[in-house]
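Required output: the full structure, derived from the provided sequences and hints.
Protein chains: 2
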Amino acid sequence: MSAKQVFVAVIGLGGVGKAFLSQLSFLQQRLSKQNPPIDLRLVLARRSTKQLFSSNFEPLNVQTVAQDLDKNGSPPPPFNETFGQLARAPGKVVLVDNTSDQGLASLYPMVLQRGISIVTPNKKAFSDKYDLWHSIFSSAANGTGSPSNGYIFHESTVGAGLPVISSLKELVETGDEVAKIEGVFSGTMSFLFNSFQPVGGGGGTFAAEVKKAKGLGYTEPDARDDLNGLDVARKLTILARIAGLPVESPTSFPVQSLIPKDLESAQSGDDFLEKLPQFDSEMEKIKDEASKEGKVVRFVGSIDVASKQVKVGLEKFDVSHPIAALKGSDNIISFYTKRYGSNPLIIQGAGAGGDVTAMGVTGDLLKVVRMLQ
Amino acid sequence: MSAKQVFVAVIGLGGVGKAFLSQLSFLQQRLSKQNPPIDLRLVLARRSTKQLFSSNFEPLNVQTVAQDLDKNGSPPPPFNETFGQLARAPGKVVLVDNTSDQGLASLYPMVLQRGISIVTPNKKAFSDKYDLWHSIFSSAANGTGSPSNGYIFHESTVGAGLPVISSLKELVETGDEVAKIEGVFSGTMSFLFNSFQPVGGGGGTFAAEVKKAKGLGYTEPDARDDLNGLDVARKLTILARIAGLPVESPTSFPVQSLIPKDLESAQSGDDFLEKLPQFDSEMEKIKDEASKEGKVVRFVGSIDVASKQVKVGLEKFDVSHPIAALKGSDNIISFYTKRYGSNPLIIQGAGAGGDVTAMGVTGDLLKVVRMLQ
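Going down the list, the sequences are from chains A and B. Going by our numbering, the first sequence opens with residue 19, and the numbers climb by one from there. Going by our numbering, the second sequence opens with residue 19, and the numbers climb by one from there.
Hints in this document: simulated from the structure, not taken from any laboratory. None of these values were measured; they are calculated from a predicted model. Some clues are possibly wrong.
Because identical chains share one entry, a pair is satisfied inside a single copy or across any pair of copies.
[Claimed, not checked] Each computed EDC-like pair below joins lysine to aspartate or glutamate, with the alpha-carbon atoms no more than 20 angstroms apart:
{"hint": "1", "residue 1": "Lys36", "residue 2": "Glu195"}
{"hint": "2", "residue 1": "Lys303", "residue 2": "Asp336"}
{"hint": "3", "residue 1": "Lys36", "residue 2": "Glu191"}
{"hint": "4", "residue 1": "Lys51", "residue 2": "Glu191"}
{"hint": "5", "residue 1": "Lys345", "residue 2": "Glu200"}
{"hint": "6", "residue 1": "Lys36", "residue 2": "Glu300"}
{"hint": "7", "residue 1": "Lys345", "residue 2": "Glu292"}
If you want it as C-alpha cells, here you go:
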C-alpha cells in the first residue's frame, strides 16, 4: 500500500529543536511501519537567519538537516511567504514551532486558517493577550474553527513533556469540576527553593543559591528573567484559560517578583548577581518565619477556579506536603477536582530540558497525525 | 450542518456503568455543540439479565436508560447476536464494556474486526493470556489491524482515570527508553498499608486494618480477592506489555499473596476475617523490621524492563520516598526513563471509584470519536 504523506515544517533549531529532530527520526521509522504506513516528510527547516525549503516537497534528511541548513540555507523570507509555500504541499502540513517568537505566534490564526496544523512549546502564543488566544482557538479545527482548518496542540507550554495540559483538558471535557490547580511550575524556582530551604534544614543564602543555579545552567542568561515570575505567570495563564477563566494576560493577576525593587534597574545580569547578597537578610527572614511554623517556603502558582483568583508567588508548605518534598528541578502540578475529592490528581517530574520538552511536541505531532488519518 | 452520528452501546450498568452514563450525557451535550456537531447516540444498553436495543437506531434516553432497561429490557441474546445487530448501524459504533467479563473480553478481536471500536476498564481482556492481547492488538485499527477495523482504548484498566496508560504509550511511541515502572497500583492495598504503618508511627494490627477497609467498602466482598495480589498483577501485566515485555499471564511472575497459607481454604470471606488475627504477629514482624531501618512497608508492583523482571509484593521504603508519603487510597505510579533521568515522571491520585474510572472510559470514548471524525 502506498504511504500517506504528512508534511512537516520545523522552525527553531535550538536545544528543543535539535531534540525534536532526533525524535522525529524515530517517529518516521515507526509510522512508516504501521498499517497503513505514513510518510512523515520533513520539507522545511528554518531558524532566525536561514531557511531550507524543499520546493518540490521531496523529503529533507532529518539526520543531517541541521548541518544542511547551515551549509545550504537561504536567508529566510517573511513568514507569510513561507506559509504560502507550505500551503501548496500536496497533502496535510504540520508546522512545528520550536521558537519562543511572539511575532510567529501572532500568525497562528492565519496559519490554522490555511489548513496547516501547529504543534509547539511556544508559550507566547497562549499566554499573551486573551484576544490572540481567542483568535487561535476560533481558527483551529479542534477549537471552534472550520473542520478544514489546522489542529493545534501545545502540551509542552506547561511542564514540558508532563501530561499536564492533556490531563486538564480531559477533566474539563468529560465534565469534572476543577476547583483548584496548584503547583511548582518552574524548574529554576523548584531548584532554587529546594536548595535554599530543603526539608530537614540547611541550604545556602538565597544569592548563593541563585548563583549556583546559574552556574548549573538552570537559569536564563539573566537570572532576573526567572526571578520576575513571568514564566510561571504565563503557564498559569494558559491553565486558567483551559479551566474556563478568560484571563486577560499574564500581568493581569498578582505575580510576586523576587527581584528586589532596587535591583530591577541593575545594568546587567552579572551586576544584579553581584548586588543580590545585599538582600539576603530579607529572604532569610521569610525562611525563618516558615521554619518556626515547621514549614518551608516555595515559589508556587495557584488558580482558584470558583473565586477566579490566579496568583504567583511565595507560599509556606508543611514539610509533609508533596510540594515541600519536591526534588532537584522537578515540577509538580496538583488538580483538585470534584471527582478526585480531597486528594488531588498529581503529576510530577522534570518540567524543563530539551529532551522532555521535545517529547511533548513529538507526542502532539503524533496526535495530529492520527487526527489527519 | 447535519450532525455526524456515532453509535454507542453500553454493556454493564454497575457503579462504573452508571457514572459513565452520567458523563455520556455531558459529552453528548458538548459534542452536539461543536463544529461540525456530533450526534453521540446511545442505541444499546445491556446488563447480565437484560438488554435494550434500539433496532431502528433511534436514540435511547441516556438519563432514563437504566430504569428503561429494568422496565422494558428483554432477556439478552448471545453476545454474537448483539454484535451482529450493532454492525448494521448506519455509521461507526463504539462498544463501552463496563463489565469485568472474561467471556466478553475474549470476543474483542471479533468485535474489532467487525469495525466496532471498544473502550473499557475491563482488565481481563488485557491481562489474561498473551495470545488474547496479541489477537486484540493485531485486530485493532490502532494496533496492526486493518484501518477499517475498530479502535481500542483501555486507560481505566490501570489507575482508573489517572493518565497512566496514555503517558506510558507516549513515552514508548516517541522513543524514550523506559527503564523501570514502580508504584502502588491498588487503592485497597494503598489504604491498608497507609493505615497499618503510617509515616510517623502508629496504625492498628493488620487484621484490624483489613476489617476496617472492608467496613469502609474499600475491599472486594471477599477481602482475599484483594489480598492475593492478582489485581495488582493484572495491572503490571498490562503495563509490562505496553513497555514491550511479552508477559505470558499475571501468574507468570512472582506475586506475593498476603493470604496466610492456612487461610487460603477458609470457607468464606467472613471465616477468613475471623481467623486473620492469628497471623498478626507475622505482619507485625515485617512492620518492625522496616521501622528499625527507618522505613515503612508498602505493597507495590515493579517492572524492570532491561532485566525483564516483573514482581508484586511487599517492599520497604524510606519515609521520605513518595511511595511512603501516599495518603488514603491513592495510587502512585513512577516511570523511570532515559529522558527523565534519576527523578521519575510520577502520576498520583485516586485509582479506584466509579466516577474516576468512568472518566477514563469517557476520555477514551472522546479519543475514539475524534479519530472517527
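Comparing the hints with the structure gives:
1. Taking the closest pair of Cα atoms, Lys36 and Glu195 come within 20 angstroms of each other only across two copies (18 angstroms); inside a single copy the shortest separation is 39 angstroms, beyond that limit.
2. With identical chains, the CA atoms of Lys303 and Asp336 are at most 20 angstroms apart within one copy only, with a shortest distance of 17 angstroms there and 31 angstroms across copies.
3. In this homomeric assembly, Lys36 and Glu191 come within 20 angstroms of each other (Cα to Cα) only across copies, at 18 angstroms, whereas the closest approach inside a single copy is 33 angstroms.
4. Taking identical chains as interchangeable, the C-alpha atoms of Lys51 and Glu191 lie at most 20 angstroms apart only when they sit on different chains, with a minimum of 13 angstroms there against 33 angstroms within one chain.
5. Taking identical chains as interchangeable, the C-alpha atoms of Lys345 and Glu200 lie at most 20 angstroms apart whether they share a chain (17 angstroms) or sit on different chains (18 angstroms).
6. In this assembly of identical chains, the alpha carbons of Lys36 and Glu300 never lie at most 20 angstroms apart, being 41 angstroms within a copy and 55 angstroms across copies at closest.
7. Proximity of Lys345 to Glu292 under the C-alpha cut-off of 20 angstroms is found in neither arrangement, the shortest distances being 27 angstroms within a copy and 44 angstroms between copies.
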